Structure formats: C-alpha cells, structure tokens
Amino acid sequence: MPEVIVRKTIVSVEDIFHEGGPVSQKPHRRGAIAAVIHNPYAGRYVEEITPFIEDLKPLGLKMAQDLIAAMGAKPSQIEGYGKGAIVGSGGELEHGALWHAPGGYSMREVVENSKAIVASTKKVGAVGSRLDVPVTHANASYVRSHFDSIEVGINDAPRADEMLVILVMTTGSRIHSRSGGMLASEIKGEDGLK
Amino acid sequence: MITAKIRKISTVVEEIHQEIGKEISPTTRRAAAIAVIENPFAGKYNEDLEGLMVIGEELGKLLGERAVAALGIEPSQAEGYGKGAIVGENGELEHAAAILHPRLGGPLRVAVEKGAALVPSSKKMGGLGSPLDVPLGHKDAAYVRSHFDAMEVRINDAPRANEILVAIVVTDSGRPLPRVGGLEAKDAKGEDGLR
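One line per chain: the protein sequences are A and B, in this order.
Residue numbers are given in this note's numbering: position 95 of the first sequence equals residue 95, and the series is strictly consecutive.
Residue numbers are given in this note's numbering: position 89 of the second sequence equals residue 89, and the series is strictly consecutive.
If you are wondering where the hints come from, they were derived from the structure by calculation, not from laboratory data.
Computed from a predicted model, the values in this text were never measured in an experiment.
One side of the interface only, derived from the structure: several residues of chain A facing chain B at Cβ under 10 Å:
#1 Val-6
#2 Val-11
#3 Glu-14
#4 Ile-16
#5 Glu-19
#6 Gly-20
#7 Arg-30
#8 His-38
#9 Ala-70
#10 Asp-132
#11 Gly-153
#12 Ile-175
Okay, the calculated beta carbon distance ranges per label pair:
#13 Thr-50/A / Leu-118/B: 50 to 60 Å
#14 Ala-69/A / Pro-26/B: 15 to 25 Å
#15 Gly-72/A / Asn-156/B: 20 to 30 Å
#16 Ile-2/B / Ala-126/A: 35 to 45 Å
#17 Ile-53/A / Ser-76/B: 36 to 46 Å
#18 Lys-186/B / Glu-19/A: 44 to 54 Å
#19 Tyr-45/A / Glu-74/B: 48 to 58 Å
Every residue gets a Cβ at the ideal spot worked out from N, C-alpha and C, and that includes glycine.
Input sequences plus hints: build the corresponding full structure.
This is the structure in structure tokens:
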C-alpha cells in the first residue's frame, strides 16, 4: 500500500470587500488548501491505482478540517466548495482522478449542508502551474450566485514525481452577485441540484 | 479607522514538511498577508505622498498582525520578515516607496515584537497576476544567513490599474535545510540590527 508523503502544504484565505461596487460590511471569504504529495505511480504505467484512493482519505479529511479552521468558520457557514489536482510531468491525468473520492467526500463529511456534487478540474502541469478550481454551492448546484473559481498554484510544485491536491471553500456568493438565476434562498435541498 | 480603501486581503501560509526527501521537523513556516488597495494618487503626479505614508502605517499593523495570526504564534516567536508592493499601471514606483518605507515598519515591529533589523523589501510596477519575490531576513540581526530567503506572492486579479498590492511576510523559521555557514540565529545579539 503506497504511503502518502507530504512535502509541503499551503493555506490561503482571501477576504473580498468590494470589486468596484458597494463596499460590503461582511467580506466574502474564500479559502484554498493544497498539499504537495509524492506520486507513487510517476514514471511508468501502473494499471491498478485505486488502492491509493483509500490512502488519501485521511489527508482529505484533515485538509477539509484545516481549511475550515483557517477560514475561521463553522462547518455550517461553508456555502461553496470545489476541488482539483495538478499532476507533475512524470504522472498521467488519471492520477489526478484519484483525488475525486477522498477530496470530495471528505468535504461533504465536514460541511454541514452538502448535498451537491463537488465540482472539479485537473491537469498535468509543470512546477508553478496554476489551476482554476471551480466553486459551486455546496447544497444545490444550480445556485448561480455561488458559481466561481479560485486560482491555486505553488511556485515550486508539482515536481515531476509529485501531485498537488487541492480543496477550496467559500462562505457566500460572489461579492457583487447580480446575474439572476436561482438564489440560495430558494434552495429545496433535496437532490443536490436545486 | 482605516483610511485605505481595501478591496481584498489575502493570507497564505506555507508549511514545508520535506525538502529533497529529508523530513523537516518541526516544519518551516512562512505567512504572507497581502492587501489590495485603491491608489489615491493614480493617474496624476502628486508631489506630496503623505496620504500613502498614512496608509503604510495602517497596513504595517493590519498585515503584520494578520501574518502573525495566520502562523498561530506569539509575536515573540516570529523570526524573519520582509515587505513588498506592486503598483498598478496608473501609479508610479514612488507610491510603493511611500507606503513601504517611512512608517510601515514601526507597527510591523510591534506585531512581531522587537525587529531590530531593517525590513528587507522589493517593489515594482505590475499588472494582474504579477508575481513579486518578497525578500526575507532575520528580524533582529540582518546577518543571520540561515534566514536569507524570499517568498513569492501573487494575486491573480490584482493590481488593477488604479490599485496597489502591499505584502508583508513573517516567518517562524529560516530555510528548511540551512548549511552554508555564516552567523547563526543562536549567536545573534540582536542589538544593532545587524549581528
């Protein structure tokens, strides 16, 4: 069973007060956490890679908890989320897909109202590559005010035999949200969509 | 009361667990606190930059405290620091100087307790997503070689033309595997800011 080896982590929290419009008393808070881990399958084709999913679960859970703590939020205050992975040049895109279950279900375990699927992006990239990680409402994917994305990257990662695994969360809608569509106040919260 | 018109604040904490395969324990950590503010002097030449000096003083306190809080340490546990600014295209380089140099250091030194050493700095003009390498040094003795470093900071949507990005970095450690000699932190007197 491959071991999860973490080289470094970064946590970033962004408070947005305005974007040219009215200044909000309560800033829109967006957080991202990324771990740079060794890719146990780098450098060759390995057919059976699913055991690593199980190995990644404790890391996913810890990252979800650490991110909420860094955002100074309660699990009930998280309204949006997303996930992503950047695979170093010695790996293949499919290695990034190993993050779907440990990344997604760890957040859904921790975030209180989280019926919605966790949106994601992934790619193979060089050191310093940046990934736009999509954000959607955690309880209803159709809520338009919460569609967003957070750019995440680390200047010295991922190296060829590494992967960057990422979780992002937000505490509300875009700061000047006014493009119509379904509102968070209209959520039924049954099917994860509406 | 803050006079700076802040659009956003971002904090980043980086924690190094391994470097070239060697375990780093305890982890080395550095935190950047970054504010994106409106440049009150964008678009025209202003002889008097007092307004930006006041903003520098405010941000020294705000960002210094945020960086220390992000590391979750006592002020006395801070070991290194640095500062920097990126001025959007409608400003001038001197605007960064007015924020960084006259008054930002005082409140920053309160936030990290002491701080006898000069705060190393970098500045430039830039656009959205420009990266800035913020130089780092030991807060009490500039010659401590293990703490010479830099942290890259970057915000994808800043600075806009009429904005300035201001960054303060605080560390609780030096580089992960220092071994190039020079003055060591344990031998620093920390009186003159140099040794």
